[in-house]
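**Student:** Add chain P to chain B, keeping to what the hints say.
Just so you know, the sequences run in chain order B and P. Residue 1 is where the first sequence starts when you use my numbering, and the numbers rise one by one after that. Residue 1 is where the second sequence starts when you use my numbering, and the numbers rise one by one after that.
FYI, nobody ran anything at the bench for these hints, they're computed from the structure. It is possible that part of the hints are untrue.
[Claimed, not checked] These stretches of chain B come out as covered by chain P in the derived footprint (C-beta under 8 Å, 3 or more residues):
1) 164 to 177
2) 211 to 218
3) 252 to 261
4) 283 to 293
[As the list claims (entries may be wrong)] Label-pair distances were calculated between CB atoms; the ranges are:
5) B:Gly227 x P:Asp89: 52 to 58 Å
6) P:Glu283 x B:Gln134: 54 to 60 Å
7) P:Ala288 x B:Ala135: 43 to 49 Å
8) P:Gln272 x B:Lys154: 18 to 24 Å
9) P:Gly286 x B:Leu279: 21 to 27 Å
10) B:Ser117 x P:Val29: 54 to 60 Å
11) P:Asn112 x B:Asn36: 39 to 45 Å
12) P:Glu283 x B:Trp25: 31 to 37 Å
13) B:Ser2 x P:Glu169: 51 to 57 Å
[Stated by the list, open to error] Some chain P residues close to chain B (C-beta under 8 Å, calculated; not the full set):
14) Met215
15) Cys241
16) Ala247
17) Leu263
Remember, predicted model here, so these are calculated numbers, not experimental data. Glycine included, each C-beta is placed from N, C-alpha and C at the ideal position.
Number of protein chains: 2
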Amino acid sequence: MSNLPKYVQIKEVGPRDGLQNEKSWIETVDKIAWINMLSESGVKEIEYSSFVNPKWIPALADARIVGKQIKRNPNVSYSALVPNLKGLDFALEVGIDRASVFMSASETHNLNNINKSIAETYPILKQVIEEAKQAGKLVTGYVSTVFDCPHEGKIAPSEVLRVCEKLLEFGVDDISLGDTIGSAVPSQVEQLLEGVLRHYQKEKIIMHFHDTRGMAIANIMTAMQYGINRFDSSIGGLGGCPYAQGAAGNVATNDVLYLLHGLGIHTGIDEQKIQEASLYIQEKLGKALPSRSLAYIKSAI
Amino acid sequence: MSNLPKYVQIKEVGPRDGLQNEKSWIETVDKIAWINMLSESGVKEIEYSSFVNPKWIPALADARIVGKQIKRNPNVSYSALVPNLKGLDFALEVGIDRASVFMSASETHNLNNINKSIAETYPILKQVIEEAKQAGKLVTGYVSTVFDCPHEGKIAPSEVLRVCEKLLEFGVDDISLGDTIGSAVPSQVEQLLEGVLRHYQKEKIIMHFHDTRGMAIANIMTAMQYGINRFDSSIGGLGGCPYAQGAAGNVATNDVLYLLHGLGIHTGIDEQKIQEASLYIQEKLGKALPSRSLAYIKSAI
Chain B
1 MSNLPKYVQI KEVGPRDGLQ NEKSWIETVD KIAWINMLSE SGVKEIEYSS
51 FVNPKWIPAL ADARIVGKQI KRNPNVSYSA LVPNLKGLDF ALEVGIDRAS
101 VFMSASETHN LNNINKSIAE TYPILKQVIE EAKQAGKLVT GYVSTVFDCP
151 HEGKIAPSEV LRVCEKLLEF GVDDISLGDT IGSAVPSQVE QLLEGVLRHY
201 QKEKIIMHFH DTRGMAIANI MTAMQYGINR FDSSIGGLGG CPYAQGAAGN
251 VATNDVLYLL HGLGIHTGID EQKIQEASLY IQEKLGKALP SRSLAYIKSA
301 I
Chain P
1 MSNLPKYVQI KEVGPRDGLQ NEKSWIETVD KIAWINMLSE SGVKEIEYSS
51 FVNPKWIPAL ADARIVGKQI KRNPNVSYSA LVPNLKGLDF ALEVGIDRAS
101 VFMSASETHN LNNINKSIAE TYPILKQVIE EAKQAGKLVT GYVSTVFDCP
151 HEGKIAPSEV LRVCEKLLEF GVDDISLGDT IGSAVPSQVE QLLEGVLRHY
201 QKEKIIMHFH DTRGMAIANI MTAMQYGINR FDSSIGGLGG CPYAQGAAGN
251 VATNDVLYLL HGLGIHTGID EQKIQEASLY IQEKLGKALP SRSLAYIKSA
301 I
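Bound conformation, chain B alone:
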C-alpha cells in the first residue's frame, strides 16, 4: 500500500447532498449551527446548500439564509450547487468560494433529473461556468451516474469521458465523478479510472461514492490506489437513496476518516468533532444515521 496518497482532501457534502435526500425539514437555525460545527472540524471544503428551485429540493429552500448566516472559517472553501444562472446569481450574492454545476453521464438520468437532454444542458452549464469564472470563483463539475444508471444500466467510460471533456472545455477546475446509485464495485472504478486518467491529471478528479450496497469504502481504496486523493462524503452517511427508501446514501465521512486515519493518511480533520456534528444532526433528524463507525462509537459510549 506504498502507493497510497499521503494526504486526502474530503469535501463534506452532508449539508447539500445529504439533506437534499432526507424527508425531514431541518430548521434553518439548526442547519447553521451544524454547518458551523463542521467548519470547525478541520474539513477544508463544505458544500453548504443548493440554489436549485426550492420546488425541487424543499429541504434546502433556505439556502440563501444559510449561506448568509453561517460563520465562515477562512481555512474552509465553501461551495453550493447551482443549476443555472439564476442559481449562480443567488450563490454569488450570498457568498461561495466554489460553484458546483451538475449533469449526468446518462441521457435518461439527465432527462429525469434536469428535465433536459445532455445536449440541451451543455449551453446552460457553459454560461454558468463562464460567469462563475468571471466572478473569480472555482467551479466543480459533478457528473452523475458514471457507472450505472437506474434507467439505462451500465454506462460506458466513453460516455463519462464525453461529458468530462465538455465540462473541462467550458472551464471547470475539476470533476466529481458520482456513483449516484451506489452500485459500483472496485473493478468498475478501475475500469473508469484507467480511461479517465489516460486523459486527465488525477488532481482534476474527485470521486463521489454512495454506500447503497456497502461498496463505497472498497471503491475509495481502489481509487486511492490510482492516486486519487479527493473524495466527497457526507457526515454520518446522511442522505438516503431516492430510488429506495431506507437504503444508505453518501458514504459516511466518519467511515472514510476511520479508513484514512487507520491507513496513516492525513486529512486534517478531527474525528471527534465529526462524531459530535453527526450526533447533533442525527438528533435533529430523529433517526439513526447509517455510518457504521458512528453506530459503533455511539453505542460503545
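**Tutor:** Relative to chain B, chain P alone:
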C-alpha cells in the same frame, strides 16, 4: 484486478456467529426452516450452531435438536463450534462434517472469552482436534482478535503466527483469522497476510471479518489481492458486536455476494435465495439487519 481469485468459497456463519450475538430467542423450528433455506442457496459450508455450554450462549441452547433435524444437503459441508471434548461428542453424535475450535491471539481476550490462558487452552484444543480427526472430520481453527483486541489494543502478527503454528501442529486443516471487533483497515490485512503467507499456503487461510466500522468489504478486497479465496460471512449481517449494542457484526453474506458477483467471481450461491433467507430471519428477529444491499433491495421492492 487480474490477480483476483476466480472462485470464492463462503462459509455461512449466520446460524452460529450471527445468532450467538443476538439477544432474541429464535424458535428451534424457525432456525431449522431457515438453515434448510440456506442449505438450498448454493452455499457450500454452513456453521449451523455451537456446542458451547448453553449457559454461555443461551441463543444456541438447542444445538442438538437443530443439528438432528436440519435437512442435510449432500453438497453442503456442515460445521459447528466445539469448545472441548464434551462439545465435540455432542457434535459428533448429532452430525458434523467439520469441527470448529476457537481461541484468541490475545492473552486477555482468550482469558475473558474462554476463561483460560492461551497456554491452558492448547492441550484442550489438541485433544479436541485429535479426536475430531480420528472421527474422520475436518477441523477449522478460529483465531480471534488477530488485528486488535478490545483489551490489549494492537496484536502483532507474530502473536497470531504463534497460535496458528500450534493449531496446525495439532492437526487443524485450516485456520480462520478473525477481525473479532471489526476494527482492521486494509493495511493491517496486508501486514498480517504478508506474515502469514510467508509460512502457510493460502489455501489453509480463511478470513473472518466483522463490519463494525464498515471496513469489511475493503478488507476482503485486500485479502483477495493476496489470493485468499475463503471467507466467513453472516446472512444479512446478522449478529451484533458484544462490545457495542446496535453496532454491525459479521460482514453480510449479501454484501459479499454483491461484491464478488460484481467482480465476476464465481461463488455458486443464488443471491435471490440469500435475500429470501435474510428476510425470513429478519422478520423472526423483528429488526432490520445491517446488510446494506439487503436494505437496498428490500426498500426498492
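**Student:** Look at each hint and say if it fits the structure.
**Tutor:** Against the structure, the hints:
Counting residues of the segment 164 to 177 of chain B whose beta carbon lies closer than 8 Å to any beta carbon of chain P gives 0, which falls short of the minimum of three for the stated coverage. Look at the segment 211 to 218 of chain B against chain P: 7 of its residues bring a Cβ nearer than 8 Å to a Cβ of that chain, three or more, so the hint holds. With 4 residues having a beta carbon nearer than 8 Å to a beta carbon of chain P, the segment 252 to 261 of chain B meets the requirement of three or more and the stated coverage holds. Evaluation of the coverage hint for the segment 283 to 293 of chain B: fulfilled, as 5 residues show C-beta separations to chain P shorter than 8 Å, against a requirement of three.
Separated by about 57 Å at the C-beta atoms, Gly227 (chain B) and Asp89 (chain P) satisfy the suggested range of 52 to 58 Å. Between Glu283 (chain P) and Gln134 (chain B) the beta carbon distance is about 59 Å. The supplied range of 54 to 60 Å therefore holds. The hint said 43 to 49 Å for the Cβ distance between Ala288 (chain P) and Ala135 (chain B), and at roughly 47 Å that hint holds. Separated by about 20 Å at the C-beta atoms, Gln272 (chain P) and Lys154 (chain B) satisfy the suggested range of 18 to 24 Å.
For the pair Gly286 (chain P) and Leu279 (chain B), the supplied restraint of 21 to 27 Å holds, since their beta-carbon distance comes to about 26 Å. For Ser117 (chain B) paired with Val29 (chain P), a C-beta distance near 57 Å keeps the hint of 54 to 60 Å intact. Checked against the given bound of 39 to 45 Å, the beta carbons of Asn112 (chain P) and Asn36 (chain B), roughly 43 Å apart, stay inside it. A hinted range of 31 to 37 Å for the beta carbons of Glu283 (chain P) and Trp25 (chain B) is consistent with their spacing of about 32 Å.
In this structure the hint that Ser2 (chain B) and Glu169 (chain P) lie 51 to 57 Å apart at CB is violated, the actual value being about 34 Å. The beta carbon of Met215 (chain P) comes within 6 Å of a beta carbon in chain B, closer than 8 Å, and the hint placing it at the interface holds. The criterion of a C-beta within 8 Å of any C-beta in chain B is met by Cys241 (chain P), whose closest approach is roughly 7 Å, and the hint holds. Because the smallest distance between the Cβ of Ala247 (chain P) and any Cβ of chain B comes to about 4 Å, under 8 Å, the interface hint for this residue holds.
A cut of 8 Å between beta carbons decides the hint on Leu263 (chain P): the least distance to chain B is about 5 Å, and the hint holds.
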